[in-house]
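*Asks:* Here is how the chains run, residue by residue.
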Amino acid sequence: MIIDSGSKLLIVILVLLVILLGLAAFLFYLERRLAYSERKIRELEKEEETGRPGEMERGRRGLAD
Amino acid sequence: MMMRFIRNNWWKILAVMLLAYVIVGGLLWEVPALPVVRQTIRNIYFHVGMWFSMMFILGLSLFYSIRYLRYFRVHDDLMAWVAVKTALVFGALGLVTGMLWAYNTWGSFWVNDPKLTGAAVGMLTYLAYLVLRSSVEEHDKRARLAAVYNIFAFVLFFVFIMILPRLAEASIHPGIDGNPALSSGDLDPRMQKVFFPAMVGWILLSLWIFRVYARLETLHRDIVEYKENRS
Chain A
1 MIIDSGSKLL IVILVLLVIL LGLAAFLFYL ERRLAYSERK IRELEKEEET GRPGEMERGR
61 RGLAD
Chain B
1 MMMRFIRNNW WKILAVMLLA YVIVGGLLWE VPALPVVRQT IRNIYFHVGM WFSMMFILGL
61 SLFYSIRYLR YFRVHDDLMA WVAVKTALVF GALGLVTGML WAYNTWGSFW VNDPKLTGAA
121 VGMLTYLAYL VLRSSVEEHD KRARLAAVYN IFAFVLFFVF IMILPRLAEA SIHPGIDGNP
181 ALSSGDLDPR MQKVFFPAMV GWILLSLWIF RVYARLETLH RDIVEYKENR S
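Respectively, the protein sequence lines represent chains A and B. Residue 1 is where the first sequence starts when you use my numbering, and the numbers rise one by one after that. Residue 1 is where the second sequence starts when you use my numbering, and the numbers rise one by one after that.
Bound conformation, chain A alone (with noise of 0.2 angstroms):
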């Protein structure tokens, strides 16, 4: 395939467009492992008050409500 000066910027325009969605998904991805953090140091807060595992625990052992 012939690449002319035009494709070659299109090729830039494209190569930006991909480092911007990935810098965004990663954005995406980091909030979420911050949100499971979030809850699981909220949740072991909670533990140490009331002595009862939290609902992630007991999800994660298997434990009925």
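Calculated directly from the structure, the hints in this document are not laboratory data. Be a bit skeptical, because a hint or two may be false.
What the hints assert, rightly or not - Cross-link-like lysine-lysine pairs, in silico, BS3-like; alpha carbons within 25 angstroms at most:
(1) Lys40/A x Lys227/B
(2) Lys46/A x Lys227/B
(3) Lys12/B x Lys193/B
What the hints assert, rightly or not - Beyond 12 angstroms from chain A on every Cβ pair, some chain B residues (computed):
(4) Gly59
(5) Ala120
(6) Gln192
(7) Leu219
(8) Glu225
Virtual Cβ for every residue (Gly too), placed ideally from N, Cα, C.
Dock chain B against the given chain A, drawing on the hints supplied.
*Replies:* Frame of chain A; chain B shown alone:
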């Protein structure tokens, strides 16, 4: 599920869409044939975006510092610190994009210009904030000192980048008589349809990064507190 994701993250999706539009429109659409700058004028969508984002996040930092001094909540001090660090990243990117632009138009990465020197000194003022904050051991004292300094730093920053360069006799940097990139002489009407969405997109992206970083630091603090309470 999908609708809930869109409802919860609409402004983040908007940021990505605006920035995708800026990459395509900013690099492909017609720009005025200006002497010296020529095609490098397209850098305005990226370079100015970095500075606007930095100023926006610095404004947030100022807000959290003032709120800390009003209510003395540790969380506000943490948010002000996170905001300054996020803003400095955007400031550094603004400097680098500006240096590349300067090299291609003025022939040098850095010139002795009041605007450029003001920007560098302004950023050093905020680096001093980070050093000051990390040098105090006691929590309350550190937070109070940092909050007061942050208010001064914000005022000083605008003195360095906006007031002092205008008092200087001449500057090679555009926008010395008005607002850089916003005055009619700096921005062609053809470029406005990309420039304004670019500014909104970059500011939203900086806000997004700030929020992720803030949640990470809050989580870190919660884990440390949890461990301290256990021991």
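*Asks:* Find the hints from earlier in the document that the structure breaks and name them by number, from lowest to highest.
*Replies:* Of the numbered hints given earlier, those the structure breaks are 7 and 8, listed in rising order.
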